[in-house]
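Asker: Chain B: place on chain A using the hints.
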Amino acid sequence: MSTLVEVKNLKKYFPITGGVLDRKIGDIKAVDNISFTIRKGETLGLVGESGSGKSTTGRLLLRLLEATDGSITFEEKEVTKLSTKEVKALREDMQLIFQDPFASLNPRHTVEKILEEPLIVHKKGTKEERKKMVRKMIEVVGLDSYHLKRYPHQFSGGQRQRIGIARALMTQPKLIIADEPVSALDVSIQSQVLNLLKDLQEEFKLTYLFIAHDLSVVRQISDRVGVMYLGTLVELTDAEKLYEKPLHPYTEALLSAVPIPDPEVKSQSEDVLGGEIPSPSNPPKGCVFHTRCKACMEICKKVRPEFKEMEPGHYVACHLYEEDMQH
Amino acid sequence: MSQPAQAKVNQPMKKEKVSSPWRDAWRSFKKNKIALVGTFIVIFFIFIAIFAPLLMPYEPNEQILLDRFEAPSSTHWFGTDDFGRDILSRVIMGARISLMVGFTAVIGSIIVGSLLGVVAGFYGRWIDTIISRIFDIMLAFPSILLAIAIVAILGPDLQNALIAIAIVNVPLFGRLIRSKVLSVKEEEYITAARAIGMSNFRILTHHIIPNSISPVIVQGTLAIATAIIEVAALSFLGLGAQSPDLDWGKMLDDSRAYFVQAPWTMIFPGLAIMLTVLGFNLMGDGLRDAMDPKMKQ
Chain A
1 MSTLVEVKNL KKYFPITGGV LDRKIGDIKA VDNISFTIRK GETLGLVGES
51 GSGKSTTGRL LLRLLEATDG SITFEEKEVT KLSTKEVKAL REDMQLIFQD
101 PFASLNPRHT VEKILEEPLI VHKKGTKEER KKMVRKMIEV VGLDSYHLKR
151 YPHQFSGGQR QRIGIARALM TQPKLIIADE PVSALDVSIQ SQVLNLLKDL
201 QEEFKLTYLF IAHDLSVVRQ ISDRVGVMYL GTLVELTDAE KLYEKPLHPY
251 TEALLSAVPI PDPEVKSQSE DVLGGEIPSP SNPPKGCVFH TRCKACMEIC
301 KKVRPEFKEM EPGHYVACHL YEEDMQH
Chain B
1 MSQPAQAKVN QPMKKEKVSS PWRDAWRSFK KNKIALVGTF IVIFFIFIAI
51 FAPLLMPYEP NEQILLDRFE APSSTHWFGT DDFGRDILSR VIMGARISLM
101 VGFTAVIGSI IVGSLLGVVA GFYGRWIDTI ISRIFDIMLA FPSILLAIAI
151 VAILGPDLQN ALIAIAIVNV PLFGRLIRSK VLSVKEEEYI TAARAIGMSN
201 FRILTHHIIP NSISPVIVQG TLAIATAIIE VAALSFLGLG AQSPDLDWGK
251 MLDDSRAYFV QAPWTMIFPG LAIMLTVLGF NLMGDGLRDA MDPKMKQ
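Sequence lines, in order, name chains A and B.
Under the numbering used here, the first sequence is numbered contiguously, ending at residue 327.
Under the numbering used here, the second sequence is numbered contiguously, ending at residue 297.
Looking at chain A on its own, in the form it has when it is part of the complex:
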């Protein structure tokens, strides 16, 4: 599979200002030096606690935020250096699905207008052709064409999310960044929407960057999964491998916190993480996870581990495995 997106040493620092003169007094390191690739046609899951920088990463890819440093290559184009005009063209190929289906649709527009707008913006088709495409798309996502005249508030959460998905598909993008697309929905609706996303991926040959905090949701849809902690990627590998044999202590802890739907099985509560995620304005020295890590060593407090390929296709940032390699 060829590479669609390549992210290298991406950083996003939000300045903290304060004092009388609004001087910069620090940085929030929302995304701190991450690198990964997204292959054509795959689903890359991105998981992590809130505040770990998942959504920021998604928004950096779309240039909704400006990167502080690093590079993003999308189809041989350097996203961070595109002009305003080129960014507009980029957004035809790259679309975003939002977490909150209630806030992401303009309450004053009918569904028809919401879906037609991307086509108008990118000057696609005549008025009749656009209406036709809209009617086709609303059926693709499992709604009916008589829904088009309605307003967003007349739909349920699941239906609204389908509208949001339809909107993202209107320009026939290559990459879809799904920013927690199901976390605002009921569990029963979640799997419906996930299945829809899978079907659409097959039908339209889509590539997904799937951002979520729910590990079981990510497992259901992803080919590969990256785990983020405090703005850094700590582990990235195939979905199967990650769930079967996690290497990073943080991934282990996360997986042990996934509820098991079987009352007979005792939860492995001794692995559950203690403490809170540290502030991204003042991340710990060395490995960012060392304050909560059960396998913390001296070196972890001083040196930040590199994000290295331990096995083919299995990347980890942890000193535990660097030691292994040396011996």
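Heads up, some of the hints might be wrong.
[Said to hold, decoys possible] Here are the simulated DSS-like pairs of lysine-lysine, each with C-alpha atoms no more than 25 angstroms apart in a straight line:
id : chain 1 : residue 1 : chain 2 : residue 2
1  : A       : K113      : B       : K185
2  : A       : K85       : B       : K185
3  : A       : K123      : A       : K88
4  : A       : K149      : A       : K88
5  : A       : K136      : A       : K85
6  : A       : K132      : A       : K245
7  : A       : K205      : A       : K174
8  : A       : K294      : A       : K245
9  : A       : K124      : A       : K88
10 : A       : K149      : B       : K33
11 : A       : K136      : A       : K124
12 : B       : K185      : A       : K88
[Claimed, not checked] Chain B residues, not near chain A, derived (Cβ > 12 angstroms throughout):
id : residue
13 : W22
14 : P72
15 : L88
16 : D128
17 : A152
18 : I167
19 : E187
20 : A193
21 : R288
Source of the hints: derived by calculation from the structure; they are not laboratory data.
We put the beta carbon where it would ideally sit given N, CA and C, even for glycine.
Answerer: Leaving out everything else, chain B in the frame of chain A:
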């Protein structure tokens, strides 16, 4: 033959109740009795203003010196003033001028204020700082004092009074729409619009302004009431309408000296001001209740 079949096919489409945000607002406005009374009063005065020439029993400036200070009677329903002019005719003519000045001034300040407010709220940074500080300075003056100052610079007449009141109201609308734009701009559907690749101009005209406009409509209705009072106040101070022009404030000013002798000269224009203002206020309150999404159940 095919007609009944067609009717059946169309039925589900017809049953579909389209409830747009505007229609919802209208529906809840209709239920508000007091607001409807206000609307009725407003429509009544607008009607009078439009058909003033047809409704006036006398020329408003016609002087019948023999009939000076006549009390209300069947020939002069509202009585006559110190020059023997018919007060009913003058109140009717005054409605035309007062309402027109009120409307024009408010529409002017809505246009200018919204433009400045949208620019300040949307673009932020130094543009926002400059515009907001100008608004702050203007709001630091008592509005009538600022209006007097502006008229003093431009020269006292009705048109300048209108301009003064429009200027005085600009920061009111500017601030209102700025704050609304600031909150709407952070909504996720604006990020969505941006993610689609929409230009700032289209985001502003298609998404931000339509979602920011409802408080302006409410405030606009209420501001017309204030503007009518302000015009009357300026005219009363001799800074608005100059003879032979007239408006309600000017009528009050003219009859000030004879109030004890002939109270009807003041009572009727005063009542007209009060009723119009009341009408606009009731209507504005009703609109606010109908349009404020927070008030919705």
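Asker: Hint by hint, work out which the structure violates, then give me just those numbers in ascending order.
Answerer: Checked against the structure, the hints that fail are numbers 4, 5, 6, 10, 13, 19, 20, while the rest are satisfied.
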